[in-house]
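Student: Use these hints to put chain B onto chain A, whose structure you have.
Each chain, written out:
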Amino acid sequence: MSSLLKIADREFTSRLLVGTGKFPSPESMRDALAASGTEIVTVALRRADLSGGRDPYANILEYIDPERYLILPNTSGAMTADEAVRLARLAATAGLPKWVKLEIHPDPTYLLPDPIETFAAAKILTAEGFTVLPYINADPVLAKRLQEEAGTATVMPLGAPIGSNRGLDTRRQIEIIIEQATVPVVVDAGIGAPSHAAEALEMGADAVLVNTAIAIAGDPVRMATAFRLAVEAGRSAYECGLPEARADASATSPLTGFLYQ
Amino acid sequence: MSFVETLNRIDRDGWRSPLLRRFERLIEPATPAALEALAAQSAAITRRHFGRTMRLFAPLYLSNECVNNCAYCGFSRDNPILRVTLSVDQVVREARHLADQGFRHILLVAGEHPKFVSEGYLEACIEAIRDFIPTVAIEVGPMEMPEYARMVQAGAEGLVVYQETYHREAYGEYHTAGPKRDFDWRLECPERGVAGGFRRIGIGALVGLADWRFEALRLAAHLEYLYRHGWKATYTVSLPRLRPAAGCFQPRHSMTDAEFVQLICALRVIFPQVGIVLSTRESPALRDALFPLGITSISAGSHTEPGGYTGEGRDDLHLTVRGRRVELDEKPEDRGATGQFAIADERSPAAIADLLCRQGFDPVWKDWDPALLGADPVGASA
Chain A
340 MSSLLKIADR EFTSRLLVGT GKFPSPESMR DALAASGTEI VTVALRRADL SGGRDPYANI
400 LEYIDPERYL ILPNTSGAMT ADEAVRLARL AATAGLPKWV KLEIHPDPTY LLPDPIETFA
460 AAKILTAEGF TVLPYINADP VLAKRLQEEA GTATVMPLGA PIGSNRGLDT RRQIEIIIEQ
520 ATVPVVVDAG IGAPSHAAEA LEMGADAVLV NTAIAIAGDP VRMATAFRLA VEAGRSAYEC
580 GLPEARADAS ATSPLTGFLY Q
Chain B
655 MSFVETLNRI DRDGWRSPLL RRFERLIEPA TPAALEALAA QSAAITRRHF GRTMRLFAPL
715 YLSNECVNNC AYCGFSRDNP ILRVTLSVDQ VVREARHLAD QGFRHILLVA GEHPKFVSEG
775 YLEACIEAIR DFIPTVAIEV GPMEMPEYAR MVQAGAEGLV VYQETYHREA YGEYHTAGPK
835 RDFDWRLECP ERGVAGGFRR IGIGALVGLA DWRFEALRLA AHLEYLYRHG WKATYTVSLP
895 RLRPAAGCFQ PRHSMTDAEF VQLICALRVI FPQVGIVLST RESPALRDAL FPLGITSISA
955 GSHTEPGGYT GEGRDDLHLT VRGRRVELDE KPEDRGATGQ FAIADERSPA AIADLLCRQG
1015 FDPVWKDWDP ALLGADPVGA SA
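Line by line, the protein sequences give chains A and B. Be aware that the first sequence starts at 340, since it is given in this note's numbering, and climbs by one per residue. Be aware that the second sequence starts at 655, since it is given in this note's numbering, and climbs by one per residue.
The following block holds chain A by itself, in its conformation from the complex (with noise of 0.2 Å):
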């Protein structure tokens, strides 16, 4: 049994979060959910109502059972720290839990996190008792400071910009922000495959968010399962420590073991 993913306060047993965003069906995006046994779900809060009016046009909320996941509000299409906090603010007071996944990015073209921005909105924030999930480049020295000085939750580094699938193109960034973190590392964005997931599970990063590769998928649900088999290989193999990898071949029978019989 792996250990459990600490977020705050919170103790999780899943070390997959979700996206919701680019499923063919809100029917689909909940079985996906299941099958991942995921327990943080992220939401998009343009896509929702938030004025506590149901609008059955603007419905996603009501798909994702509050009792069963921790739903994650994220300020996507904000552009400025002003526009993230207003909206962590509002769904705070809409009712969703005091968690933000805070994303702001100013470049709708590659979706890259602006860390000036995010660094203030960060501040802001925990300030006012947000627990914050900040979403950033795979910038070590960022990640030490949302950490240390705005006191986020976790620092997300990206894998590579959102949708590309493109895996762990930081990797070498990532590794020294898992080495010198205080806080869980959860890498998100650019995971495309579960081998990428088990990989950054692997080098010892905390958990990982998925999204497109999932909803994109011909079987979302299927995915979703492989992704949630690729999170447990990856930690368990981590959890009992990877045997370095190296060029030359190592006999599994030694070739001086008779000298010891």
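Hints are supplied without guarantee of correctness; some may be wrong.
With beta-carbon atoms standing in for the labels, derived distance ranges [as the list claims (entries may be wrong)]:
id : chain 1 : residue 1 : chain 2 : residue 2 : range
1  : A       : ASP348    : B       : GLU690    : 54 to 64 Å
2  : A       : PRO436    : B       : ARG1012   : 31 to 41 Å
3  : B       : GLY977    : A       : PRO436    : 36 to 46 Å
4  : B       : PRO734    : A       : ARG505    : 50 to 60 Å
5  : B       : HIS751    : A       : THR432    : 24 to 34 Å
6  : A       : ARG505    : B       : ALA687    : 52 to 62 Å
7  : B       : PRO800    : A       : GLN519    : 46 to 56 Å
8  : A       : ASP348    : B       : ASP754    : 57 to 67 Å
9  : B       : GLU773    : A       : PRO436    : 42 to 52 Å
Everything labelled a hint here was simulated from the structure, so no lab data went into it. Even for Gly, the Cβ is constructed at its ideal location relative to N, Cα and C.
Tutor: Just chain B, lined up with the frame of chain A:
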């Protein structure tokens, strides 16, 4: 520095960026096998970037008054059509009707007429519907940057302005009267819109006014320019093929369905992130086939005449002659204002949403909340 200089380099010197050279190769005449491969690539890229979703919007025509004469447009000032400008209350009733059908994204459209469609009027329309319509965009006559900023302030999120044709000489021939004759002024609208604070800009060319490959290359150049110079905005393109309209204009250039598909797919491959909009000008069968290939946003059940959804404004129909209102001798009983063009896909929004679901697409009605910009969330005052 504006896109005018880039366009001049393309037209006069034959200049092409590396990206444009790639695009140009993709729109060369293609075999069916090559087109199939391009379509597969386009469909895959679209799924990766936009998922299995389709955004829906509706145009809401405010006025068919216009000071311009555009050879292809039903609203041209010299066309003796039934005209009307909806009051703000009538606009609200039209918008409520669309909201009841599911729409959370409305494009306000009006002819260019400073007397009837004034700046204050547009702001009042935007402000009157933004409490229940999360996404409001406008498609109206060109404005100066500070005027655009006021539209954004009033609650508009998107600006749509098509160049109509990027062919400078042809543009002069089609636009025979009115302020629209100024090609460069129109060409710079998207840049002024970005500077004015719009988050989403829609550009396009009407297919049929010039050779489609000529238009497509320059549209792509415009996009490339805007992505570099207005990097914070989201862009969409639209390629309306000309439809029958008052004035009986016959397009000089045609584009086959295969060429239309090729262009959509080429745009997708070169600009993976661009929104591609498909209107109800196209036939149901073609629309259904195009949905998976690269389209990201569609209209449904559209009317192109002011008051078309509810019949609002029928009691105020008139002619406009030389800028002056002329009363009708007899008000027609059974007709509303004249539309801009005939639509080809008359299926209802609900029917289109059902169809999308059957094709494995989630119809997305709401994808924005004005709360991001400091307003109350939509529906809060309901």
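Student: Now tell me if each hint is right for this structure.
Tutor: Hints versus structure:
no., hint, result
1, A/ASP348 x B/GLU690: 54 to 64 Å, "holds, 55 Å"
2, A/PRO436 x B/ARG1012: 31 to 41 Å, "holds, 35 Å"
3, B/GLY977 x A/PRO436: 36 to 46 Å, "violated, 59 Å"
4, B/PRO734 x A/ARG505: 50 to 60 Å, "holds, 59 Å"
5, B/HIS751 x A/THR432: 24 to 34 Å, "holds, 30 Å"
6, A/ARG505 x B/ALA687: 52 to 62 Å, "violated, 29 Å"
7, B/PRO800 x A/GLN519: 46 to 56 Å, "holds, 48 Å"
8, A/ASP348 x B/ASP754: 57 to 67 Å, "violated, 44 Å"
9, B/GLU773 x A/PRO436: 42 to 52 Å, "holds, 43 Å"
The structure is inconsistent with the numbered hints 3, 6 and 8, although it conforms to all the rest.
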